[in-house]
Structure formats: structure tokens, C-alpha cells
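Chains as they are written, first to last, in this note's numbering: chain A, 1 to 409; chain B, 410 to 553.
There's no promise every hint is true.
As the list claims (entries may be wrong) - Okay, the calculated beta carbon distance ranges per label pair:
#, chain 1, residue 1, chain 2, residue 2, range
1, B, Glu552, A, Glu329, 36 to 44 Å
2, B, Arg434, A, Arg221, 21 to 29 Å
3, B, Glu552, A, Gly328, 40 to 48 Å
4, B, Ser456, A, Asp45, 37 to 45 Å
5, B, Gln424, A, Glu248, 38 to 46 Å
6, B, Pro526, A, Gly328, 52 to 60 Å
7, B, Arg470, A, Gly330, 27 to 35 Å
8, A, Gly219, B, Leu412, 25 to 33 Å
9, A, Asp303, B, Gln424, 47 to 55 Å
10, B, Arg470, A, Val267, 30 to 38 Å
11, A, Asp211, B, Tyr518, 29 to 37 Å
12, B, Thr547, A, Gly219, 29 to 37 Å
13, A, Pro161, B, Thr547, 39 to 47 Å
Calculated directly from the structure, the hints in this document are not laboratory data.
C-beta: ideal position from N, C-alpha, C; glycine also.
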Amino acid sequence: MSMTKRHSAAFAGFGQSRVFRGPEAPLGDLAVEASLAAIKDAGLDLSQIDGVVCTPDAPFSRGDSADGAEFVSASYMVKALGVDPRWTADVPGTIANSTLAAIRAVESGACNYALLFRALHNPGSGTYGHTEETKSGEIQMSGTDAHFAVEQFRASYGLYPPADGAALPWSQYQAKYNSGSREQMAALVMQARKNGLAYEGSYWAQYKPVDLTIGDYLGARMVSRPVCIFDCDIPVQGAGAFIITTAERARDLAQPPAYVHGIADGVPARRSVTVDEALEEQLAHNRDIGRRLWADAGCGPGDVSIANLYDGFSIMTIFWMEGLGLCGEGEAFDFIQAGRISPTGQLPINPSGGNLGSGRLHGINHLMDGMLQVAGRSGKRQVKGADLAVVAVGMGWAAGAFVLGKDPL
Amino acid sequence: MILHPPLPVADDLSQAFWEGVNERRLLVQRCAACRRFQFPPDASCASCSSTELSFEEVSGRGAVFSFTETVSGARHPYFQSISPYLVGLVQLEEQEGLIFASNFPGSEYADLEIGAPVDVEFQEIAEGAVIPQFRLRTVRLAER
Ligand SMILES: [Zn+2]
Numbered sequence: 001m002s003m004t005k006r007h008s009a010a011f012a013g014f015g016q017s018r019v020f021r022g023p024e025a026p027l028g029d030l031a032v033e034a035s036l037a038a039i040k041d042a043g044l045d046l047s048q049i050d051g052v053v054c055t056p057d058a059p060f061s062r063g064d065s066a067d068g069a070e071f072v073s074a075s076y077m078v079k080a081l082g083v084d085p086r087w088t089a090d091v092p093g094t095i096a097n098s099t100l101a102a103i104r105a106v107e108s109g110a111c112n113y114a115l116l117f118r119a120l121h122n123p124g125s126g127t128y129g130h131t132e133e134t135k136s137g138e139i140q141m142s143g144t145d146a147h148f149a150v151e152q153f154r155a156s157y158g159l160y161p162p163a164d165g166a167a168l169p170w171s172q173y174q175a176k177y178n179s180g181s182r183e184q185m186a187a188l189v190m191q192a193r194k195n196g197l198a199y200e201g202s203y204w205a206q207y208k209p210v211d212l213t214i215g216d217y218l219g220a221r222m223v224s225r226p227v228c229i230f231d232c233d234i235p236v237q238g239a240g241a242f243i244i245t246t247a248e249r250a251r252d253l254a255q256p257p258a259y260v261h262g263i264a265d266g267v268p269a270r271r272s273v274t275v276d277e278a279l280e281e282q283l284a285h286n287r288d289i290g291r292r293l294w295a296d297a298g299c300g301p302g303d304v305s306i307a308n309l310y311d312g313f314s315i316m317t318i319f320w321m322e323g324l325g326l327c328g329e330g331e332a333f334d335f336i337q338a339g340r341i342s343p344t345g346q347l348p349i350n351p352s353g354g355n356l357g358s359g360r361l362h363g364i365n366h367l368m369d370g371m372l373q374v375a376g377r378s379g380k381r382q383v384k385g386a387d388l389a390v391v392a393v394g395m396g397w398a399a400g401a402f403v404l405g406k407d408p409l
Numbered sequence: 410m411i412l413h414p415p416l417p418v419a420d421d422l423s424q425a426f427w428e429g430v431n432e433r434r435l436l437v438q439r440c441a442a443c444r445r446f447q448f449p450p451d452a453s454c455a456s457c458s459s460t461e462l463s464f465e466e467v468s469g470r471g472a473v474f475s476f477t478e479t480v481s482g483a484r485h486p487y488f489q490s491i492s493p494y495l496v497g498l499v500q501l502e503e504q505e506g507l508i509f510a511s512n513f514p515g516s517e518y519a520d521l522e523i524g525a526p527v528d529v530e531f532q533e534i535a536e537g538a539v540i541p542q543f544r545l546r547t548v549r550l551a552e553r
């Protein structure tokens, strides 16, 4: 461990809203529900919340979305709770980006008790919008200018992220390492479902509490080969919230905290590329985050007892495993076999199910599990000896990684 | 209504590229200072930041870089109507990182293999709208 104390922040409270498949409850209400639960979990009063931060980006952006309906901003939350913060921020990207901001805010003194939340909307039908039909019947591309610049080179081919963005690098991986069959991937996806069923906040636990069998997985509807429907997380509507404060303040709150040992930011690709789906770019980016994370945390991949690795698509977990050095290059598909990633295995991965086992709450599950495990608060999901956790959420610039510990630095 | 894929719409940077494609020529931006190619076109060189860039015709020869078959989940009505369909990327032989999308016309999923050689051809996807496509060389030879 380094002599310099790099971090002084801690996770001190967590709350999750009810989860629905579609917009059965207003998103703003769910965000408030999660936030109040997190504040209560930490044993705080509303009057003590002096920072509010979130990532409001809606995955289903339509250009006509409304605060509190399709997304929820920090200012919505400030008004809804009637709090009087001295720091607020809407951080683009994923919850990884707003978590990094919250940690830095309390470490810099910008606020003492940051309420960090994320609300995910699912319209119940519809798509991530890239194309639309105009009134004249002409089919055109839509979206932001940045989208547009890339779309002109891929939309005409029916090449659409995100599913193709998972399938293409997976095809590269199979060719490069002669590994990565669907039979191998089944181990990860089945374990995720099993783990999710043990988490009461999981979509699957609440609505479809059945294990995924090897037959279910191998016989599943294909999306973009080799990606099948179970390699994709299920879109849901729900919210999660955390209280981030200083380690010193956290010690006096209601629950044992999870101490921040290290953090690292995702950064944009240095060069412009046609597509952001290439295997080498994804792995290089994750390795770069890994290098910075372990240097910041003063430990290494061999020191962590559990890993929460983003799994919006199953292949993303593989890329995080290798990028963070949790296994060797080209070895992740072998590593995930034989129960090694189960809660009692050599390296439990996503013990609360991640996105695949709990629904698409974009990293809330990963941060929650890492935090509660090291704090010894995971109940029936508690992994024995889980005193140091690595959490990696998102991809590209919309990513971040964290090392959380049972002990303060 | 006749279904067709979304049509590419040129911007200032890509104008010359799409004009070339309409003339059945594959033009790629090249840096006068460091001689690197780059695609998609940009205002400056991604390698050396020079703004001395011009378009140069390339061979159109390359190799399969990655591929998939989209079976379900296509979001555009045209691609829904033709699913399943092949889609992927090719890398040109001129330089690493020169990557284009392709539908590999004439191929089946089982034919595709990363590294397999491909050649450019041009496809009119709607009246006056042309895009580059890349065909497996083995398919091309077999069809002769
Ligand atoms: Zn240059």
C-alpha cells in the first residue's frame, strides 16, 4: 500500500426503487423513491444532503423527452426533495461518470453528503433511435450531429450498435484466440441469472424467478450472431441511489461504509475510428483504465476478492476481465467455467446478478453489490471474505472503474 | 412506399468521398505530411495533426475484419424486411485501421472468415444513391 492517502471518500447508503418492465410508474417517482431509501439507509436527514449528482442521459432519446418522465436530472431531484445543496451536477455518460464526480466532490469539499442517483427509462416498446421515417415516407437518419457523422458510413449497411457492437468484437475474439463459443459463454450468463434470482431488487427475481438452463441459452433467439437474446440485458424502468461522503463522516452513519481505494476514468478514443466496436480498441481502453485504477488503488488484480463487471452485453464482462488483468489475455472464456465465478468460486463475478441477472439499470447493480459486499451487508448473497471489490461500469469514455474496500485507507 | 436502406448524406468532410463512390471510385483521405490514410475523413490528420489532406484512390482490396449475421432486432424497416442479413467490417490492405462497413454480397454466414480477402464493388441502394460494398474474393472467382 502506498504511503500517500489518495482517497478519503466512502459509500454510505444505498436505495433502489421498484423495477418495472415498462413505464408502469413515473420515472421521477422511482428516482425519488430510490433517493429517499438511500438517505434513510445512511441514517441522514434531508437537510444534510448538500450535494446532488446524477447521469440523466436517457438511453431512449427521442428529442422530446421530459424531465421526470423519460429522464431525471439533478435539478428535478432538488425540487422534488426540497433540499438545499451547495453542489449539483448532471454528468453525461453512465452512472460511472457521475459516481466519479460524486467521489471527487466530497474529497474536494464541494459537499459533505452527495446524493448520487440514476434513473433508467424504458418506454416498453420502441428502440434506441437512429432512424425514422419522415412524413414523405423517405427513410432518413436522425440523431445528434455526432451520431450523424458516423451513421453515414454504417446505417446504410444495417450496422447498428449496440447489438452489432457486441457481436463484431466477439467474432474477432473467436478468431484471434480460438475461444469464445456460445457453449463457453453459457456459463457466465447462467451464473448471472442464478445470482440475480438471489437479489430481491432484480427484475428476474420479481417477475420471472426461474433459472436459465443450458438448453434455454443455446436454443435462444439469435440477435446478431453469436449474440443471442440472453446475452443482452433486459430493459427495465427503475432507479438506484447512493450516498457518497467522506470516510470520516461515513464512520458515524447508520451502516458500515465501503471505502474508496481507487478510481479511474474512461476517456475518449485518441483517434477517430470508423466504428467504436473493434476488439483491440475495447481491450486497449479497458487495459488503460486497469493500469490507472491499480496504480491509484495501490493494489492489483490478484488482491480483490470479488468483481462487479459491466454486462449490458455478456461479452463486455469478458473484455473487462481481461482488460483489468483478472485473468490472462485470451483466457476469460476458460476462466468463467467450472464455477470459478460463482459466489463461492475463486473470483465471484456480479454476485447480485449484474445487468444480465437483474435488468438494465446500467451499473447500479454493480456499484451496489461492490459496496454492500465489502461492507458485509449482502445478507444471503454475502461472499465470504469479500473485503476488496473491483467495480467496472460502462465502456469507452462513458466508463469508470473503482476499487472499494472494507477498511479505510 | 419502396423500402430501401437509410441513405448516406454527405457532410463537408465526406463530400469528396461520396462523389468518388458515385463515380465507382474508392477515395480515401491521405495526409501530405505523414502520408497516412484515414477514414472517415476528418479536418486534420489523426496521426500528425496536419491539415494538408487530400483524397486518393485506393485499391479496394482488403480483408474481413469482423462480421455478424443480424437475425432479429434490426430497427430499420428495410433491414427488418431482409433479415437475416450479413453485416461486418473490412480493413483495406493499404493500412491498418482503414475500416469500412460491408454486407458481403453473395456470401453466406458460414462462408465468412476473419482475414478472408475481399474486393470493393459499388451498390446502388436507391436511385442515385451508391455505397461501397466488399465481396469475398472466393465468391467473386466462383461466379466468373
Ligand atoms: Zn499526418
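Worksheet entry | Violations among the numbered hints, reported as their numbers in ascending order | Violated hints: 2, 4, 5, 6 and 13; rest satisfied.
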